[in-house]
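So the sequences go chain by chain: A and B. Just so you know, we're using the working numbering here: the first sequence kicks off at 1 and counts up by one. Just so you know, we're using the working numbering here: the second sequence kicks off at 280 and counts up by one.
Because the hints were derived from the structure by calculation, they are not lab data. These figures come from a predicted structure and were not determined experimentally. One should not assume that every hint holds.
To be verified - From chain A, some residues computed to sit far from chain B (all C-beta separations above 12 Å): (1) K46; (2) G74; (3) P101; (4) Q109; (5) N110; (6) F111; (7) C123; (8) D171; (9) W173; (10) E182; (11) E227; (12) K241; (13) N253; (14) I269; (15) L278.
What the hints assert, rightly or not - Mimicking DSS-like on lysine-lysine, the simulated pairs with C-alpha atoms at most 27 Å apart in a straight line are: (16) K275/A <-> K440/B; (17) K482/B <-> K46/A; (18) K621/B <-> K260/A; (19) K606/B <-> K279/A; (20) K46/A <-> K621/B; (21) K279/A <-> K584/B; (22) K547/B <-> K275/A; (23) K275/A <-> K584/B; (24) K275/A <-> K614/B; (25) K252/A <-> K482/B; (26) K613/B <-> K260/A; (27) K145/A <-> K606/B; (28) K122/A <-> K482/B; (29) K440/B <-> K145/A; (30) K482/B <-> K275/A; (31) K275/A <-> K613/B; (32) K49/A <-> K441/B; (33) K420/B <-> K279/A; (34) K260/A <-> K614/B; (35) K275/A <-> K606/B; (36) K547/B <-> K260/A; (37) K279/A <-> K547/B; (38) K622/B <-> K275/A; (39) K279/A <-> K441/B; (40) K122/A <-> K606/B.
All C-beta atoms, glycine included, are put in the ideal place defined by N, C-alpha and C.
Residue-level listing of the chains:
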Amino acid sequence: MRTRCVSSIIVAAGLFLGIITVFGQAARAPAQTPAQAPAYRAPRTKDGKPNLSGVWQGVNEAYWDIEAHSAAPGPFWQLGAAYSVAPGVGIVEGGKIPYKPEALEKKKQNFANRMSLDPETKCYLPGVPRAMYMPYPFQIVQSTKQIMMVFEFAGALRTIYMADQTEAPADSWMGWSNGRWEGETLVIDTTGFNDLSWFDRAGNFHSDALHVVERLTAIDADHLNYEATIEDPNVFTRPWKISMPLYRRIEKNAQILEYKCVEFAEDLIYGQLRKVPLK
Amino acid sequence: MNHRLATFLGIAALLALIVVILLAPAPAAAQAQKAAPKAAASTKPWTAPRTPDGQPDLQGYWTNNSYTPLERPNGVTKDFYTPAELEEANKKAAEREEEQTAPGTVADVHYDFTQFGLDRSQTRLTGNLRTSVIVEPANGKLPPVTSEGQKRAADRAAERKKQGAQYDQVQNIPLGSRCVYSNAGPPMLPPGYNPAYEILQSKDTVTILIEMLHEARVIPLDGRPHAPEGYRSWLGDSRGHWEGDTLVVETTNFNDKAAFRGASENMKVIERFTRVSDDAIRYEFTVHDPSTWEIPWKGEMPFVKINGPVFEHACHEGNYGVANTLKAVRMEEKKAAEDAAKKAGSK
Chain A
1 MRTRCVSSII
11 VAAGLFLGII
21 TVFGQAARAP
31 AQTPAQAPAY
41 RAPRTKDGKP
51 NLSGVWQGVN
61 EAYWDIEAHS
71 AAPGPFWQLG
81 AAYSVAPGVG
91 IVEGGKIPYK
101 PEALEKKKQN
111 FANRMSLDPE
121 TKCYLPGVPR
131 AMYMPYPFQI
141 VQSTKQIMMV
151 FEFAGALRTI
161 YMADQTEAPA
171 DSWMGWSNGR
181 WEGETLVIDT
191 TGFNDLSWFD
201 RAGNFHSDAL
211 HVVERLTAID
221 ADHLNYEATI
231 EDPNVFTRPW
241 KISMPLYRRI
251 EKNAQILEYK
261 CVEFAEDLIY
271 GQLRKVPLK
Chain B
280 MNHRLATFLG
290 IAALLALIVV
300 ILLAPAPAAA
310 QAQKAAPKAA
320 ASTKPWTAPR
330 TPDGQPDLQG
340 YWTNNSYTPL
350 ERPNGVTKDF
360 YTPAELEEAN
370 KKAAEREEEQ
380 TAPGTVADVH
390 YDFTQFGLDR
400 SQTRLTGNLR
410 TSVIVEPANG
420 KLPPVTSEGQ
430 KRAADRAAER
440 KKQGAQYDQV
450 QNIPLGSRCV
460 YSNAGPPMLP
470 PGYNPAYEIL
480 QSKDTVTILI
490 EMLHEARVIP
500 LDGRPHAPEG
510 YRSWLGDSRG
520 HWEGDTLVVE
530 TTNFNDKAAF
540 RGASENMKVI
550 ERFTRVSDDA
560 IRYEFTVHDP
570 STWEIPWKGE
580 MPFVKINGPV
590 FEHACHEGNY
600 GVANTLKAVR
610 MEEKKAAEDA
620 AKKAGSK
């Protein structure tokens, strides 16, 4: 665990670098995030906070690769065009993830071996921020002392402590989240991650020093602006940001359905241990 | 980190044990053979606190941790134990649960349920004086199974047999060991361990976080109909509404794999959550499945307060047990085959 002081210096330095980066690359920034809309005032809960409740979903191709990427064939020719890689402009501000050289090597290894290494294929909890832009909806359940995020994929959950905040009691897949309101924005500070989750299907990864600060702001009745600052001095040279809109699933019957995928991954994980092994 | 968590959980469990409050109403002798009273007549009516939206506030951390069996044990003829009898019954149940391999024997494996938090001693017990969770039928037993239900049970058993032995493939291993499905229900029966729940309310949903297998039941209160019949799931599709201070939840759309006590996918469960004191929720449920049981049956138990928080139970992600068991069985098969070959060769 790093001291707060070191962390703050790193954050400050990172923000400074980030500002330079943003100014330097404004023209090349991904076009996904809508331009800063005139301040929208979200409806309020009874306790006076912006009400972000609802079923939401990121609608983009970042689940394949959070960086810009071209269309590509899928990993199994048998699946043909149905499961090939959808092209995307990426959600990383500035375009590239600032990997340390050795970490970039590991990312390439991850990509090369993604079918055996990607935790998604095994139905493992997706981690943060990956859970936020997988191609499945999630629900924000907002109470006073806590806000919960309930994800369809793997039944993943996040509890965001708005009161009674503590440090993470142990490392976990989905991290330990403390939140606060800054005007219209829900700010979530998450630490206590293990080093096992990925950011996408392309092998982008982090260590257990990952620290994610997310900002969720309603920009109109049916859209949230989502930003996350990602910091991990073991893997990246500086903090970096992703951003995208989240879309409300406006169907009247929208709900989080059960997507327990453990059963679907059991032959992948244990198939070679069958009495008659799967080939 | 794990040590810190263990210490933290240990302290939480101790605190919980210190605050032992017996919940179930004291039985009057005259009522012993009848269905239990909802609350003792002498108890002051409890006014549930309200959420900012004005709904009865069920929020907080709760447990249904108990040794109370679903069905009344044979030989027990009354609805309620005395506190002393409950203590004795719990003690016996705990001894059975902690019984492991005999120390010093070849089969002895260091696998202490208490140490690994896999027994009921880690969390406060509810102190439920009932001799069974089932309150209707009045004998505390499941009602008779219909002929259709019996045929289904036989068909399911035959199907399982066709799949081979328990360790031939992962799919034959019980669902709980595979982190697929536990007692999360509904009905929500006490699991052997991880018996923590959290209820979170907003204006139009009640969410029940279940520690075991990190499940969340997000229950809409907006009067919407159930999901279409084509949608089937392990935990079913729940819809809730308030009846006075009671949250009533109806759940349908089960799959045919959970097969709760032999139920069909047409099972319907009605649950009623009523906060009866600062410390407790009365949880009642009725199971309707005319294709399995001749009559609906009903259960009741308390949920009592515990300290939070509820930590992530990444069961599948850390499931070394299934892989190791399968590996061990494959090794035994290989050794048996080698031994057989040797024997044949030496003849």
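Would you pick out the hints that fail for this structure and give their numbers low to high?
1, 7, 8, 9, 13, 14, 15, 18, 20, 21, 22, 23, 26, 27, 28, 29, 30, 32, 33, 34, 37
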